[in-house]
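A.B. asks: Reminder that position 170 of the sequence shown reads as 170 in UniProt numbering, one-by-one numbering, no gaps.
Just so you know, these hints were derived from the structure itself, not from any lab.
Remember, predicted model here, so these are calculated numbers, not experimental data.
Among the hints, erroneous ones may be present.
[Unchecked claim] Simulated pairs of lysine-lysine, DSS-like, Cα-Cα distance not exceeding 27 Å:
(1) LYS6 / LYS106
(2) LYS119 / LYS6
(3) LYS6 / LYS38
(4) LYS106 / LYS119
(5) LYS78 / LYS6
[Said to hold, decoys possible] Estimated spans, in silico, between C-beta atoms of each pair:
(6) ASP102 / GLU5: 50 to 56 Å
(7) MET1 / GLU77: 40 to 46 Å
(8) GLY116 / ASP42: 31 to 37 Å
Glycine is no exception: its CB is placed at the ideal position from the N, C-alpha and C atoms.
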Amino acid sequence: MNDQEKINTAHAQTNLVIRQVINFWEANNKAITAFFNKHEDDVYLGEVAPGRNRGIYLLAHLIATNDALLPLFNLGEKLFPELAPLASEAESAVPFELSIADLRNKWETLNITLAGHFKNLTAEQWLSRHNSVSDEDFALDPTRNKLNVLMNRTSHENYHRGQLIFLNEKVLTV
């Protein structure tokens, strides 16, 4: 294999890994969507455990954290800035009045928007710094890139999916 073939192979493999990360993020979002379409709306008003977050809050929280990817990746402004406090504040600290139907629509709109942007990013863009890291810090640690953020956000979604299972169990025991 000559040098150009090695470069082409490395580029193809990098793109494959990036595609796998995006596919995992998309599959995770589909599972969350399916969960929030599974039950009557009032189920999502329940706490996942006594004294813990409600399902409706968790969906709003996931929207807020994923919405922050747009400016973080330099893809545009947040679509739903009114939800931004829900990314970092506990449910009890942030009053919000949203219906599960409204949140479902926001979740779908956000996922479509992000997926469209993600498909257009090149490998070089995925492996470049995000807007919360300086050029100097990125030079010291190039793993502080957009792809790493997406992997961490997907892990964060999975954590909350795990919490939502408790709502499922409550429905099944009633």
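A.B. asks: Tell me, in ascending order, the numbers of any earlier hints that this structure violates.
C.D. replies: 1, 3, 5
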